[in-house]
Amino acid sequence: MINTTIVGYGEVTSPSIKTYIDRLEQYLATYYPAISWRIYDISLKKCTLGDLKQHLKEKVLNYHPNIIFIRLSSQDIDIERTDFVGKERLEIYLRDLLEEIVTHNNRTGLNNCVPIPVIITPPLIHEKPGKKGRTNNRLKQYIYELKSVTLAKGGIVIDLCEEISKKVNKEKYILEEGYGLTQEGENLLYDLVFIELTKLIDYQGVLKNRR
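Our numbering applies: residue 8 is where the sequence shown begins, and numbers increase by one.
Each statement offered as a hint is correct.
Using C-beta positions, here's what the derived DEER-type ranges look like: (1) K177 to I86: 19 to 25 angstroms; (2) Q33 to K206: 18 to 24 angstroms; (3) T142 to E95: 17 to 23 angstroms.
Hints listed in this document are in silico derivations from the structure and should not be mistaken for laboratory results. From the three backbone atoms N, C-alpha and C, an ideal C-beta is built for every residue, glycine too.
Construct the complete structure from the given sequences, taking the supplied hints into account.
Laid out in structure tokens, this is it:
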């Protein structure tokens, strides 16, 4: 039986929400019976790119993962944050984060022992009058930049913002407070994550070599 390790890393969700990682733990063994799954959920309350980079080695790479889903937060574009950093610094953080992942030897033999990073963009923002720290215009500019960096490093991007933007009733996917996902939003994210997994792993359980 093939051993495959997945880590979900990034922004924390409400305890009442059944996350995409919860559902992967529930269903992957049924869909891929030839694989022995190890699935870890590593969430950070403070989840900027700088935080993700700082804790990557101790919290994620020590599991020697095959696939890392990195759930980004819109905190990075909040210009009202006292520790806000600009576009250039964010690009450096992301590039360093991805470089550390793709140069890690997970010793599994799969994908030439290189973990596959999958970036999940922040969701669409439920904008409200008077709250100008985070806007969808700024978010979309940020996503454009992170896509360029991620794809150049051989990573994958799940554009959650764009997928929610396509929906007729966008509000049902975003929490009232404006930034997180409702259960409907989390269900959508699970569907998107599962689609990416089917592109990476065949039904016999073999992680497709991307290099």
